[in-house]
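Order-wise, the sequence lines are chains A and B. Those letters in the first sequence? Residues 221 to 409, by the numbering used here. Those letters in the second sequence? Residues 329 to 764, by the numbering used here.
The hints are simulated quantities; they were obtained by calculation from the structure and are not laboratory data. Ideal placement from N, C-alpha and C gives every residue a C-beta, glycine not left out. Any given hint might turn out to be false.
[Stated by the list, open to error] Simulated crosslink set (DSS-like; lysine-lysine; CA at most 25 Å straight-line): (1) A:K270 with B:K711; (2) B:K674 with B:K661; (3) B:K661 with A:K403; (4) A:K403 with A:K270; (5) A:K237 with A:K329.
[Said to hold, decoys possible] Just a few of them, taken from the derived set where beta-carbon distance is under 10 Å, the chain B residues facing chain A: (6) L456; (7) V479; (8) P483; (9) P487.
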Amino acid sequence: MADNSERMSRREFLAGKVRLAGALAVCGGVALLRPRGAIAGTVWQIDPNKCTQCGKCATECVLGPSAVKCVHVHAMCGHCELCFGFFEAQPNALTTAAENQRCPTGAIKRRFIEDPYFEYVIDEPLCIGCGKCVEGCGTFGNGSLQLQVRHDRCENCNQCAIADACPSDAFVRVPATRPYLLKSAEGEQ
Amino acid sequence: MRRSLGPALALLALPAAALGEERFPPPEFSTGYQMPAPTTPPPRAGTLAVLDVVLLAVALSLAAYLVLKRRSRNGVFALMLFSLAYFGFYRNGCVCPIGAIQNVVVAATDRSYALPAVVAAFFALPLLFALFFGRVFCAAVCPMGAVQDVVLARPARIPPWLEHALGLLPYLYLGAAVLFAATGSAFVICNYDPFVSFFRMSGTVKLLSLGAAFLLLSMFVGRPYCRFVCPYGVLLRWVAPWARWPVTITPDTCTQCRLCEESCPFGAIRVPTPEPDPALRHEGRGRLAVLLLLLPVLVAAGGWLGAHGSGRLARAHARVQLADRVWIEEQGKVRGTTDASEAFRKHGHPTEELYREAAELRFRFRDAGRLFGAWVGLVFGLKLILLSIRRRRDNYEADRAACLACARCYRSCPQEHARLGLVIDETEVPDAVDQR
């Protein structure tokens with residue numbers, strides 16, 4: 221019995237030392253990795269300069285309708301009557317009829333301002349982030365339509381499923397304090 | 329459109345790389361039209377992330393109190409439901425310590441990656457608690473453990489050989505997760521998390537069916553993910569045996585009544601060892617010596633195999649895939665392009681740069697593959713050694729490494745019944761019958 225208790229106390233002593241070493245290792249290890257930056261860390265965002273509008277944003281996101289939506293930087297928009305983001309390649313007429321629209325869900329609202337200018341507003345709940353309008357605007361227009369991760373919807377997954385599938389490495393981690401990478405007329409915002 | 333503007337547009341579209349140029353200058357409006365500004369809804373506030381950490385610490389403390397002090401299964405179950413609701417369905421299972429392993433590895437290998445403080449806290453807190461209280465995180469805080477625990481209906485007894493064999497899987501999974509995170513290829517733990525699609529209520533068919541399979545299995549096998557997959561469980565296994573206040577089945581002394589024997593659905597209760605047969609003991613010593621000599625052989629063989637198989641592993645990295653694709657396209661061995669190779673050409677980076685990058689990655693994969701192979705060899709070797717070492721046990725004990733601190737076994741112990749006053753212990757209260 222004496223032998224037994226001695227064995228136990230020796231074990232207890234050793235365990236105490238191991239515990240101390242373990243606690244120091246965990247705390248020290250994590251501290252060595254220098255957790256830094258904003259408390260919330262980083263969030264995912266699309267670099268519009270790298271985006272090739274492959275359409276994967278609409279299909280790869282873990283959310284039902286994707287967290288990626290088209291954002292319109294109105295300050296860059298030419299407000300054209302023949303908008304390459306709004307209209308199909310060869311529209312029958314410059315009207316809002318569905319067959320003329322490039323957007324598969326009719327999420328771009330076109331409104332007359334003054335001759336010959338029109339306003340184009342994204343109806344976000346309808347937008348699925350397919351990037352078709354972004355492609356049209358970027359190829360022939362000013363590039364004022366841009367795909368962005370909307371942070372009111374994004375789950376900020378550790379491994380963004382779209383980033384995994386993105387063919388052009390356009391998904392980057394950005395500081396949560398500056399969560400958007402919109403191009404603006406003056407350069408990046 | 330193309331009919332009328334075609335040639336002019338073709339000219340305009342040529343410098344496509346120079347994005348954002350103003351082909352159509354924004355107009356001056358005469359009607360006083362005000363342009364709407366693009367909205368930029370902010371991400372979840374940092375203060376809420378701090379709240380997550382505080383809740384984690386509170387839940388861990390409460391779990392330790394309920395398991396070790398109150399010894400209450402009902403309390404543990406209630407806390408488990410809270411964790412399932414908050415960390416699972418409300419926070420959608422993210423941040424979690426299991427996935428945080430990868431962030432820690434990336435932070436250690438890629439100096440450009442800043443480890444978020446919240447992720448660091450989620451990684452460290454359950455380990456620190458395990459150092460003192462055992463695996464209380466698994467018991468009532470982990471939402472993935474909780475989702476399996478609540479559906480557990482008829483736990484089957486898993487034969488020891490199968491339990492030992494499947495118990496190696498988490499070590500291999502941890503090795504693979506570290507390998508892919510360290511090479512910057514993928515976060516496999518997050519990609520193949522079977523329950524996160526339930527927490528989010530959306531996901532691919534593949535992931536949802538994987539989750540459904542695990543849930544179905546969890547009805548008949550106690551917590552299959554925790555025992556046979558979870559890589560964070562490996563870290564907890566290393567730490568928990570040194571706990572200051574571990575789970576003890578009985579609140580008093582063990583009377584070896586065997587009533588607790590069948591109470592653990594996770595096979596974590598160890599029975600007293602019989603007196604060893606001297607003849608067998610001699611044989612066991614010989615086997616142990618052989619296994620100790622075998623260990624370095626296994627490690628070396630694993631390292632060699634890992635380094636040789638690293639070419640295949642490297643294909644998991646998107647840049648290596650792209651380099652391979654661009655190479656065979658340039659050589660004319662394949663017709664057509666992929667989205668990735670098209671995007672690469674569109675940006676006009678030189679192909680040599682891509683090849684060089686891929687070659688560097690292959691080198692990294694060779695080192696990482698060698699380490700991974702050596703790790704696999706080490707795990708197998710040590711398992712064999714541990715299987716041939718006997719540790720004397722006089723009482724029924726919870727295996728400190730395997731015990732998930734669920735508090736199920738407590739109620740099977742008659743001493744616990746006495747503690748709770750559910751039975752009248754006549755030896756302690758001699759006139760109990762008279763009082764009645």
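Going down the list of hints, with the structure as the test:
In summary, the hint linking A:K270 to B:K711 is not supported, as the alpha carbons are separated by about 49 Å, beyond the 25 Å threshold. Taken as a hint, the B:K674 and B:K661 pair is honoured in the structure, with Cα atoms around 21 Å apart against an allowance of 25 Å. A C-alpha spacing of about 39 Å is found between B:K661 and A:K403, which places the hinted pair above 25 Å, so the restraint is violated. Under the criterion of a C-alpha separation no larger than 25 Å, the hint pairing A:K403 with A:K270 is consistent with the structure, at around 12 Å.
About 68 Å separates the Cα atoms of A:K237 and A:K329, which puts this hinted pair outside 25 Å; it is violated. Given hint, B:L456 at the interface with chain A, holds; its Cβ is 6 Å from that chain's nearest Cβ, closer than 10 Å. Checking B:V479 against chain A: minimum C-beta separation of about 23 Å lies over 10 Å; hint violated. Checking B:P483 against chain A: minimum C-beta separation of about 31 Å lies over 10 Å; hint violated.
For the restraint placing B:P487 at the interface with chain A, the shortest Cβ-Cβ distance is roughly 30 Å, beyond the 10 Å limit, so the hint is violated.
Violated hints, in rising order: 1, 3, 5, 7, 8 and 9; the structure is consistent with all others.
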